[in-house]
Every structure is written in structure tokens, then in C-alpha cells.
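Note that the working numbering has the sequence shown beginning at 1, numbered continuously upward.
Where hints are given, some of them may not hold.
[As the list claims (entries may be wrong)] Computed spacing ranges between beta-carbons, pair by pair:
| # | residue 1 | residue 2 | range |
| --- | --- | --- | --- |
| 1 | Leu64 | Arg87 | 38 to 44 Å |
| 2 | Ala58 | Glu88 | 35 to 41 Å |
| 3 | Ala42 | Val78 | 53 to 59 Å |
| 4 | Ala42 | Glu88 | 55 to 61 Å |
These aren't lab readings, by the way, just hints derived from the structure by calculation. C-beta atoms are modelled at their ideal positions from N, C-alpha and C, and glycine is treated no differently.
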Amino acid sequence: MSDLITRPAESLEVVEEIQHLVEVTDHPPVLITEQQVAFSTAAAAALPRTKPAHGLVASIRAMLASHARDVVSAEDHVPPRHYPGRREAFLEDAAMAREMRRL
Numbered sequence: 001m002s003d004l005i006t007r008p009a010e011s012l013e014v015v016e017e018i019q020h021l022v023e024v025t026d027h028p029p030v031l032i033t034e035q036q037v038a039f040s041t042a043a044a045a046a047l048p049r050t051k052p053a054h055g056l057v058a059s060i061r062a063m064l065a066s067h068a069r070d071v072v073s074a075e076d077h078v079p080p081r082h083y084p085g086r087r088e089a090f091l092e093d094a095a096m097a098r099e100m101r102r103l
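Just need the whole structure built from these sequences, with the hints factored in.
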């Protein structure tokens, strides 16, 4: 099951001595001017808001909606439905046990 069918393509060579490589670059050091820093900062900064604040829009919308509700006639108004409160099963069992004990 563990038979090796093919042999490795190349054997790796072991390097005994350490070689130090130093790359020589001909580029001068890069200098960034104050104008370049100011320009890049201005490009990354957020723009001032041109649209009105969301709170202002929401308050105006609420005023208009309340006015529209007042205009609706009483005949069109449907009272909200009443839903009984939920009771958990363990509370229901305890209440039933108390009632049965009273009988």
C-alpha cells in the first residue's frame, strides 16, 4: 500500500555556508511635500452634508402624518383589535392547580 511508484523529480541541495545578499537601489529617497499631504488629507476627508438632517425630515413627516390622520373621518376609523395576552404553559398549569385546590 505504501509503495512509491515514482521518484522525486529533483533532489534538493543543502547549502552549508551562509551567503549575505544586499540589493543595491539607484532610486533617491522619496520626499513628500506639505502640499501633497494636505491634498491627500482633503481627498480622504468626508464631504460636508448637503441633505437636511434625518431628524428634521422625520419630524416634518410625523407632522404631516398626524394632520392626515385628523382629516380622516370617524367612519373610516377602525378600532385596533384586542389580542389576549400570552400566558406561558407553566403559569397556566400553576393557575389551574390553584383553582382546582379552591374547589
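Hints, one by one, checked against the model:
1. Checking the proposed 38 to 44 Å range against Leu64 and Arg87 shows it holds: the Cβ atoms sit about 41 Å from each other.
2. Restraint check, Ala58 to Glu88: a C-beta distance of roughly 37 Å satisfies the suggested window 35 to 41 Å.
3. In this structure the supplied range 53 to 59 Å holds for Ala42 paired with Val78, their Cβ-Cβ distance being about 57 Å.
4. Roughly 60 Å separates the CB atoms of Ala42 and Glu88, a value that falls within the hinted 55 to 61 Å.
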